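These are the residues of each chain, in order.
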Amino acid sequence: MFKYSFQWRPVLQALPEMLWGAVVTMQIALIAMAIGIVVGVAIALGRRSANGIVRSLSTGWVEIARNTPALLQIYMVYFGLGTLGVRVDSFYALLAGIAFNNAGYLAETFRGGFAGVPETQFRASRSLGMSAFQTMGYIILPQMFRLVFHAMTNQMVWSILMTSLGVVVGLTTDLTGVVQQLNVRTFRTFEYFLVAACLYFLIAKVVTVAARILAWRLFRY
Amino acid sequence: MIEVSDVRKSFGKLEVLKGINLTVKKGEVLSMIGGSGSGKSTMLMCINGLEPIQSGRIVVDGIDVHAKSTDLNHLRKRIGIVFQQWNAFPHLTVLENVMLAPRKVLKKNRQEAEQIAVRHLKHVGLGEKLKVFPSRLSGGQQQRMAIARALAMSPDYMLFDEVTSALDPQLVGEVLDTMRMLSKEGMTMIVVTHEMRFAREVSDRVAYFHQGKIHEIGSPEQIFGSPNQPETANFLKSVHGA
Amino acid sequence: MFASPLRWNDVWLMLQGAGVTLSLTFWAVLGGTLLGLILGVVRPSSRWWVSAMIGFVLDIFRSVPLLIQLVLVNSFNSIVGLRLPVFTVACVALALYTAAYCAEVVRSGVLAVPLTTRRAARSLGMSWWQDITSIVLPMGMRVMLPTWIGLTLGVMKDTALVLWIGVAELLKTSQSIITRTQEPLLVLAIAGLIYFVISYPIARAGMRLEKKWNTQ
Numbered sequence: 001m002f003k004y005s006f007q008w009r010p011v012l013q014a015l016p017e018m019l020w021g022a023v024v025t026m027q028i029a030l031i032a033m034a035i036g037i038v039v040g041v042a043i044a045l046g047r048r049s050a051n052g053i054v055r056s057l058s059t060g061w062v063e064i065a066r067n068t069p070a071l072l073q074i075y076m077v078y079f080g081l082g083t084l085g086v087r088v089d090s091f092y093a094l095l096a097g098i099a100f101n102n103a104g105y106l107a108e109t110f111r112g113g114f115a116g117v118p119e120t121q122f123r124a125s126r127s128l129g130m131s132a133f134q135t136m137g138y139i140i141l142p143q144m145f146r147l148v149f150h151a152m153t154n155q156m157v158w159s160i161l162m163t164s165l166g167v168v169v170g171l172t173t174d175l176t177g178v179v180q181q182l183n184v185r186t187f188r189t190f191e192y193f194l195v196a197a198c199l200y201f202l203i204a205k206v207v208t209v210a211a212r213i214l215a216w217r218l219f220r221y
Numbered sequence: 222m223i224e225v226s227d228v229r230k231s232f233g234k235l236e237v238l239k240g241i242n243l244t245v246k247k248g249e250v251l252s253m254i255g256g257s258g259s260g261k262s263t264m265l266m267c268i269n270g271l272e273p274i275q276s277g278r279i280v281v282d283g284i285d286v287h288a289k290s291t292d293l294n295h296l297r298k299r300i301g302i303v304f305q306q307w308n309a310f311p312h313l314t315v316l317e318n319v320m321l322a323p324r325k326v327l328k329k330n331r332q333e334a335e336q337i338a339v340r341h342l343k344h345v346g347l348g349e350k351l352k353v354f355p356s357r358l359s360g361g362q363q364q365r366m367a368i369a370r371a372l373a374m375s376p377d378y379m380l381f382d383e384v385t386s387a388l389d390p391q392l393v394g395e396v397l398d399t400m401r402m403l404s405k406e407g408m409t410m411i412v413v414t415h416e417m418r419f420a421r422e423v424s425d426r427v428a429y430f431h432q433g434k435i436h437e438i439g440s441p442e443q444i445f446g447s448p449n450q451p452e453t454a455n456f457l458k459s460v461h462g463a
Numbered sequence: 464m465f466a467s468p469l470r471w472n473d474v475w476l477m478l479q480g481a482g483v484t485l486s487l488t489f490w491a492v493l494g495g496t497l498l499g500l501i502l503g504v505v506r507p508s509s510r511w512w513v514s515a516m517i518g519f520v521l522d523i524f525r526s527v528p529l530l531i532q533l534v535l536v537n538s539f540n541s542i543v544g545l546r547l548p549v550f551t552v553a554c555v556a557l558a559l560y561t562a563a564y565c566a567e568v569v570r571s572g573v574l575a576v577p578l579t580t581r582r583a584a585r586s587l588g589m590s591w592w593q594d595i596t597s598i599v600l601p602m603g604m605r606v607m608l609p610t611w612i613g614l615t616l617g618v619m620k621d622t623a624l625v626l627w628i629g630v631a632e633l634l635k636t637s638q639s640i641i642t643r644t645q646e647p648l649l650v651l652a653i654a655g656l657i658y659f660v661i662s663y664p665i666a667r668a669g670m671r672l673e674k675k676w677n678t679q
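Chains as they are written, first to last, in my numbering: chain A, 1 to 221; chain B, 222 to 463; chain C, 464 to 679.
Think of the hints as simulated: they come from the structure by calculation, not from any bench.
All figures in this text were calculated on a predicted structure; none of them were measured in a lab.
Each residue gets a CB set at the ideal place from its N, CA and C atoms; glycine is no exception.
Treat the hints loosely; a few may be bogus.
Unchecked claim - Cβ-Cβ distance ranges computed for the label pairs, FRET-style:
1. C/Thr596 - B/Gly394: 57 to 65 Å
2. A/Leu202 - C/Ser509: 23 to 31 Å
3. C/Trp676 - B/Ser231: 52 to 60 Å
4. A/Ser56 - B/Asn294: 30 to 38 Å
5. C/Gln593 - A/Pro118: 43 to 51 Å
6. C/Arg582 - B/Gln432: 54 to 62 Å
Start from the sequences, fold in the hints, and give me the full structure.
Written as structure tokens, this is what we have:
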């Protein structure tokens, strides 16, 4: 059945290279997540805005992000913006695409989270003389983030998995990109990608555990 | 001094305040009683600008609360309010709950804010609970914490909106005791309450709200002893504890 | 069309690509749901170590990028010498991936049915199989169906990745049209619109269903 002989030695030798790729993967995922959280909060609030234009733009972002493939969103930045005369390299195209996607999904998550914080909290805070911004920052957001923390952890894992799409627009520095480069040179596809799969699995597990520890530290009430 | 003149307020088509006139002097304790929906709680929300009004004026120490130019955040520093639902901030400890507004609104540094908070928490009998999260407190304790939180801003006025209505009967006493203590210390207070015995004992004046108006106002002895209006008498007869 | 090299014929090609996308989705969801149903039903009532093992394997499928899974299945196909066409390879990989999520959907549906109800069913003399098919699955459906619709749409969008192993679905077709016409923005917008038109109404219907069931 097997005419193929597995060769693991070169794969293990390439491990440091792959680990550097994993670092880039984490970088992209974390930055895209951070942007996604900030923009996601803005969109979630925008959907409750009194301004009709702000409301439609926010809703539009969420629906496009959720109803088209992430890869198409990355293509849009990579190829699409080129038409408008903006040259985007694959790293930033991937980053922007994932951030766009994260923001859309997180906005929907946050919308539910905001609905879960009682209206009376807002009132109580304002009655103490705190401004709307202070109330948002010190009272509403901390409680909202707790309600949706589990969903945010999932989105972070998604964010990591999405970084593998970078290879499709020619990224060579992230984990999948590095592995693909090695693959092109050696054609040991199965071995390299299997090790990559293990690394992704480990990263996802580490992130999940780290998030659990973070939640335990942050939300002691 | 709080001066309310001819205030009208509606929620949509429903007019809940139909021309309220009222003056509360420094150091006075005014109780507002009346059936549910009579407008007394709404009146309270209008005094610190949490609810807008449609016409009339509310002036607190010369500041028109509902004027466009009024800095409500600034005004609210001077008017403390405690609500019926215990509005503890669940993600902050008891101490942090009380420290937050002095730090962020009054711009006190951490040490000062902590001193203020500890003082007020001890005052309401929560000196042992500083590091505890509100979820570990009873309703009565949470309500006393809310009082300390309002007091930490050194307000000139305190508004109480049915603060004992959501409490188990055995917890009502400790909150009323705290309010009694404040009134003895000379705090100016407006108290919306269903506790008639408390209103009678603590207030300088009692206002009976009926259908969006102050139907009758007078000393507790007069209102509870010999009400002039038949509606007042009927209401008092209908509530337990009068 | 639009005074550009894009022809109506290209749009027709893209719609054919969308057909491939839908057929990939169909097979992946069909296979994934069957496998997921079996695993999701078996898991809660199996020994703890069997359940833990199934859980671990499913977790792997959910924690490794789909792109990597596609490459692995594709390369496994050629190593073993199965010589399956790439379309089939794509369907198999997508189905395994779908099953990993579907098993979780089914499990939460099964666990949502109160144990007392199941005991009552068993005490009436129903067999395990009768209990599952006439009590658990119908009752768990309320929990499962809205999530399952979301999963199906998720898989539909994820099929775009199979362009990497050379299946000419909607996005791959669009890409080749872009190479010829040099009109990326327009072509991608049309492709996006096609995905959106498929996904949005179903997503809305799913949400309405969920809301309706939650309020009952």
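TODO: Hint by hint, work out which the structure violates, then give me just those numbers in ascending order.
DONE: 3
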